[in-house]
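Given the sequences, and given the hints that come with them, work out the whole structure.
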Amino acid sequence: MLSSTSLRFSVLLLFLSSLSHSSCSGPSLQESFAQCLFLKSDKSFPFFASIYAQYNSSFSTVLNSSAQNLRYLLPSAPKPKFIFTPTSESHVQAAVICSKKLNIHIRVRSGGHDYEGMSYVSEIEKPFIVIDLAKLRGIMVDIQDNTAWVQAGATIGELYYRISEKSSVHGFPAGLCSSLGVGGHITGGAYGSMMRKYGLGADNVVDAKIVDANGRILDRKAMGEDLFWAIRGGGGGSFGILLWWKIKLVPVPQTVTVFTVTKTLEQGATSLLYRWQQVAPFIDQDLFIRVLIQPIGNKTTGRTISTSYNALFLGDSRRLLQVMTKSFPELGITIKDCLETSWIKSVLYIAGFPNDTPPEVLLQGKPTFKNYFKAKSDFVRDPIPKSGLEGLWKKLLEEENPLMIWNPYGGMMSKFAESDSPFPHRNGTLYKIQYVTLWENKYEDATKHINWIRGLYDYMATYASKSPREAYVNYRDLDLGMNKKNGTRYKEARAWGKRYFKGNFERLVKIKSKVDPENVFRHEQSIPPLAVSKRTKKH
1 MLSSTSLRFS
11 VLLLFLSSLS
21 HSSCSGPSLQ
31 ESFAQCLFLK
41 SDKSFPFFAS
51 IYAQYNSSFS
61 TVLNSSAQNL
71 RYLLPSAPKP
81 KFIFTPTSES
91 HVQAAVICSK
101 KLNIHIRVRS
111 GGHDYEGMSY
121 VSEIEKPFIV
131 IDLAKLRGIM
141 VDIQDNTAWV
151 QAGATIGELY
161 YRISEKSSVH
171 GFPAGLCSSL
181 GVGGHITGGA
191 YGSMMRKYGL
201 GADNVVDAKI
211 VDANGRILDR
221 KAMGEDLFWA
231 IRGGGGGSFG
241 ILLWWKIKLV
251 PVPQTVTVFT
261 VTKTLEQGAT
271 SLLYRWQQVA
281 PFIDQDLFIR
291 VLIQPIGNKT
301 TGRTISTSYN
311 ALFLGDSRRL
321 LQVMTKSFPE
331 LGITIKDCLE
341 TSWIKSVLYI
351 AGFPNDTPPE
361 VLLQGKPTFK
371 NYFKAKSDFV
381 RDPIPKSGLE
391 GLWKKLLEEE
401 NPLMIWNPYG
411 GMMSKFAESD
421 SPFPHRNGTL
431 YKIQYVTLWE
441 NKYEDATKHI
451 NWIRGLYDYM
461 ATYASKSPRE
471 AYVNYRDLDL
481 GMNKKNGTRY
491 KEARAWGKRY
501 FKGNFERLVK
511 IKSKVDPENV
521 FRHEQSIPPL
531 AVSKRTKKH
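Counting from 1, one number per residue, gives the positions in the sequence shown under UniProt numbering.
Note that these hints are calculated values from the structure, not bench results.
Each hint should be verified, as a subset may be incorrect.
Unchecked claim - Derived DEER-like restraints, expressed as beta-carbon distance ranges:
1. Asn56 with Leu363: 23 to 31 Å
2. Val206 with Arg454: 36 to 44 Å
3. Tyr274 with Leu363: 36 to 44 Å
4. Lys299 with Glu518: 54 to 62 Å
5. Arg454 with Asp42: 44 to 52 Å
6. Lys299 with Pro385: 27 to 35 Å
As the list claims (entries may be wrong) - Within a straight-line C-alpha distance of at most 27 Å, the following computed DSSO-like cross-link-like pairs (lysine-lysine) qualify:
7. Lys100 with Lys40
8. Lys442 with Lys81
9. Lys248 with Lys166
For each residue, glycine too, the CB sits at the ideal point set by N, CA and C.
In structure tokens:
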């Protein structure tokens, strides 16, 4: 009778034989990787059932499963040789060890929301594989300790739901989009509708577990405070593969209030938005009022600009109206505009679900937003004058389907120093702008839309932050610069590194040089290590 190990080895041989396509040129990349995984990981699960090659019938389904930007799923986009979906931590360790041994370039995906597709597409290096963490989505909530452990492949919506299962007065201040993968989301900062009260998701992390460039699993104590600092806002894909975050839960009231009030140009949108810039960053920190801006109408009825004030208030409608009457009466909200609800249902409201949607929809963990799009970001430190807004409306009306989202800062966000985490956009920031242009037809020429948003970005240079013109690392933008195939040097990488991280970029480079000097974890905008000669000189 075969032992369990012998049996698994026999199954592995059958699997490898199924990969062979009568080639006499030696084992394929996939075969070599599978053999290495078998030797380097635990044998508790048939990992080879989680390897999807391009010829596998499930390859496209797995590749497309969480990818958000359809631009990077077109036939012309580079495809991984295969996708590996680990089911245990040891599989992730082995994947890192084996990729180094076989000199295979890896990309790591948790939720697929990377705006430039860098978690599942490599423009600069081939061949490459994708390690997809979708099967690692455990969540353990400890209400008594006010903490939770969450695996990288879980979505932020799943995390919110599991917290609400245990308590109606606990929450977590992270993303607005419920299908964000927790792993990558928090590495870039993770902002949401409670940021003015509690800061970013990354500001509320107390521990983590990562696989480093040598395949070791490190928690906060083992990795040290420098690396722990770097992974909380330094962007994904540079320092290791995130396995778990341990987060600090925050108190939320039993009753919160949400509202959405929309004004068009004909209803005074320009003056109102000018006033919002002076109010939203300084209003009661229990109140978050973002603005969604887009053209509405058509050629027949005429087009105008719509500005929707979409808000969460951590309290009841009576107190909200008191705050608004005192600080922002110009918006003119009334009790009829207000919807009192629970925190978990406010998550659904802000994410754009209909009011009667059950919270269980958050467990589906699927992207609700799939489009062809290009995005950019800005941070604003001085109010844009009305004349600047009027010029902005003209630019927006040139494009078919643009969207801008303005997110207010202030409150707790102003109480952190720029160097407390790699995320530097703190005191003095009034709000962040996200620019998006979307199209639905894959045959449509993307160039005209991309050129339009670049033109809009150029127009906004006058009003955005300067020296550097800041950008949000979770809204990756390859227009800002790219690493080269053999690694971009520090000097070139500063072009985009300073925009994302300001003065923190230098510290990130030093940490990268220490923990991943061989640049195992790399992509088009990963943090580059210093050259060996420069590292030697600094010691």
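Evaluation of the provided hints:
1. Look at Asn56 against Leu363: about 27 Å separates their beta carbons, and that is inside 23 to 31 Å.
2. With their beta carbons about 40 Å apart, Val206 and Arg454 fall inside the hinted range of 36 to 44 Å.
3. Here the CB-CB span from Tyr274 to Leu363 is close to 42 Å, well matched to the stated 36 to 44 Å.
4. The given range of 54 to 62 Å is respected by Lys299 and Glu518, whose C-beta atoms sit roughly 57 Å from each other.
5. A beta carbon spacing of about 49 Å between Arg454 and Asp42 agrees with the range 44 to 52 Å that was offered as a hint.
6. Under the hint 27 to 35 Å, the C-beta atoms of Lys299 and Pro385, about 30 Å apart, fit the expected range.
7. Distance hint between Lys100 and Lys40 is fulfilled; the C-alpha atoms sit about 12 Å from each other, no more than 27 Å.
8. Proposed proximity of Lys442 and Lys81 is supported: the alpha carbons are some 24 Å apart, at most 27 Å.
9. With a C-alpha separation of about 15 Å, the suggested pairing of Lys248 with Lys166 holds against the 27 Å cut-off.
Hint check: no violations occur; every hint is consistent with the structure.
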